[in-house]
Amino acid sequence: MAKLTPRMKNWLEGLGAHIGTATKKGFPTTIVVESAKVEGDNMVKFQLSNAQVEQIKQNISENPQVAIGPAGLGCIRAAYQFKGIAKLEGNILEVEVREIYCTKPGPEAALRLDTLPYENIIKFESTRWRDTGPPK
Amino acid sequence: MKLTKEIIDALKIKNPDDIVVYLTTSSIDGKCNISPQLFTDVYMDEFILMPDLFAVKTKINFNENRVGVVTIAHPAERKTWALRGPCGHIEWGLPDNYDFQGVKAGDILKKWGDWSEKESFPSLPEDVRPAVIAQRGVIVLKVAECYSFSAEDSGRKVL
Amino acid sequence: MKLTDEMKDALMIIGAGGAVVHLTTCSADGKPNTVGERFVAVWKDEYILIADMFAQKTKKNLMENPIGVITIAHPVKGRTWAFRGPTTIFQEGLPPDFEFQGANAKDVLAEWGNWAEKEPPSEVPPDIRPPRLVQRGVIFMKVDEIYSYKADEAGRKIL
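Residue numbers (the numbering used here), protein chains in the order written: chain A, 1 to 136; chain B, 1001 to 1159; chain C, 2001 to 2159.
One chain only, chain A, in its complex shape (with noise of 0.2 Å):
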């Protein structure tokens, strides 16, 4: 089961997301949400407008998989990509990750990080990023 670092909490919970959402056949709609809570080892909830749910709905309805980049400046510093299932209670898109990988420019994109040890991921971390999360 994936499970999320102290530093891919703190950069979700201080910058948000990009959301991927898809059809079932494949029609992307991506939706941008300012900030989240990560709740656990691998719950990550958003806080949606309105006009968010309704954008996404119809989507996680018929296909709950999405996909999920740390907003910002996390694009470039929080070089992670989170692949999971989502569901909408209420305006709160709950979504248990369940892929995590790494997005860094280099030799290391696309390298599969939750199916490493724990230990292994914070060794990885702190071995190419000296930041802990967002500058506050």
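For the record, the hints were derived by calculation from the structure and aren't laboratory data. Each hint should be verified, as a subset may be incorrect.
As the list claims (entries may be wrong) - Here are the simulated distance ranges between beta carbons:
| hint | chain 1 | residue 1 | chain 2 | residue 2 | range |
| --- | --- | --- | --- | --- | --- |
| 1 | A | E54 | B | E1077 | 23 to 29 Å |
| 2 | B | Q1101 | C | R2156 | 49 to 55 Å |
| 3 | B | G1093 | C | T2004 | 32 to 38 Å |
| 4 | B | D1099 | C | I2067 | 39 to 45 Å |
| 5 | A | D131 | B | Q1101 | 39 to 45 Å |
| 6 | B | D1099 | C | H2074 | 32 to 38 Å |
| 7 | C | I2067 | B | V1132 | 22 to 28 Å |
| 8 | C | M2001 | B | N1097 | 48 to 54 Å |
| 9 | A | I85 | C | T2034 | 26 to 32 Å |
| 10 | A | R128 | B | S1123 | 16 to 22 Å |
| 11 | A | S61 | B | R1078 | 28 to 34 Å |
| 12 | B | Q1101 | C | E2145 | 45 to 51 Å |
What you are looking at is a predicted structure, and each value in this text was computed from that prediction instead of being measured. The beta carbon of each residue, even a glycine, is placed where N, CA and C say it ideally should be.
Here the structure of chain A is known, so what remains is to put chains B and C in place on it, guided by the hints.
For chains B and C alone, kept in the frame of chain A given last:
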């Protein structure tokens, strides 16, 4: 669809890392992939171009489902645009007259096939700079629609 | 595990178009991918190298499930061997001390990072020669076991 001057100015080549976008693609059965792109340019006012440097799943998706969404990731202030449309990759080796959505492979590769000639990769910060540039081609998105991703009017048609 | 001289000769054919093998990898949830590869070499008697030129699903799979099988595709000449073992992709930009299965990425890339220079594909017929060699790295397998794929003894352990 022709883009506005404001959108074109944001996406055209200026300096590396000046704007970063996300490219969302999807497999044919709806599994999305969202990938940061550090380099963008605009062609004929309606095509967004990105070098294919490290695309993995993006290209796997293009092989079965040629559509994409570009969203401005950083800096996004007052640039809350999501640009969606047919999207594919033009790789080295395609015949010059290969056509994707009205653009020819030869024209694209001649001008953008060696992106490093147009934009200085070494000026990127060291920790996000690719060690070796091995460009395989150019990702092309023909903008068919543009919607807002700002929270209050997310999905509103901009163009 | 050391490969025999016969195996090394079969895998690493200098000139004459080289050897062709199939490389099978698999996603973490078990979806296999088998793809023909032609730039093949042997390193230190126990590793098999393939140039990463166009890997897409292979790369995706190795990024989440680093194991592979290499089978001799052409010329076979009775050499019905399948090589299996831990497999990864070495690319420029990895940390200098990056190791995989006892091999240092830097050493391997120093020798095989520019395949076109070391082994120009001049013997490969033009109709199947890649149009532009853009090498991104080296697919790297440590051979752990070798079995036969010959129909009447498939799976028999050879080494």
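Status of each hint after checking the structure:
Between E54 (chain A) and E1077 (chain B) the C-beta distance comes to about 24 Å, which sits within the given range of 23 to 29 Å. Taking 49 to 55 Å as the suggested C-beta distance range, the pair Q1101 (chain B) and R2156 (chain C) conforms, at roughly 52 Å. Checked against the hint of 32 to 38 Å, the pair G1093 (chain B) and T2004 (chain C) passes, with Cβ atoms roughly 37 Å apart. Hint check: D1099 (chain B) to I2067 (chain C), Cβ distance near 40 Å, so the stated range 39 to 45 Å holds.
Distance hint check for D131 (chain A) and Q1101 (chain B): the Cβ-Cβ separation is about 40 Å, which falls inside the suggested range of 39 to 45 Å. With their beta carbons about 34 Å apart, D1099 (chain B) and H2074 (chain C) fall inside the hinted range of 32 to 38 Å. For I2067 (chain C) and V1132 (chain B), the Cβ-Cβ distance of about 26 Å falls inside the hinted range of 22 to 28 Å, so the restraint holds. For the hinted restraint 48 to 54 Å between M2001 (chain C) and N1097 (chain B), the CB-CB distance of approximately 50 Å keeps it satisfied.
Taking the beta carbon of each, I85 (chain A) and T2034 (chain C) are about 29 Å apart, inside 26 to 32 Å as hinted. A beta carbon spacing of about 21 Å between R128 (chain A) and S1123 (chain B) agrees with the range 16 to 22 Å that was offered as a hint. Distance hint for S61 (chain A) and R1078 (chain B): a CB-CB separation of about 32 Å, consistent with the stated range 28 to 34 Å. Range check, Q1101 (chain B) to E2145 (chain C): about 48 Å between beta-carbon atoms, so the 45 to 51 Å window is met.
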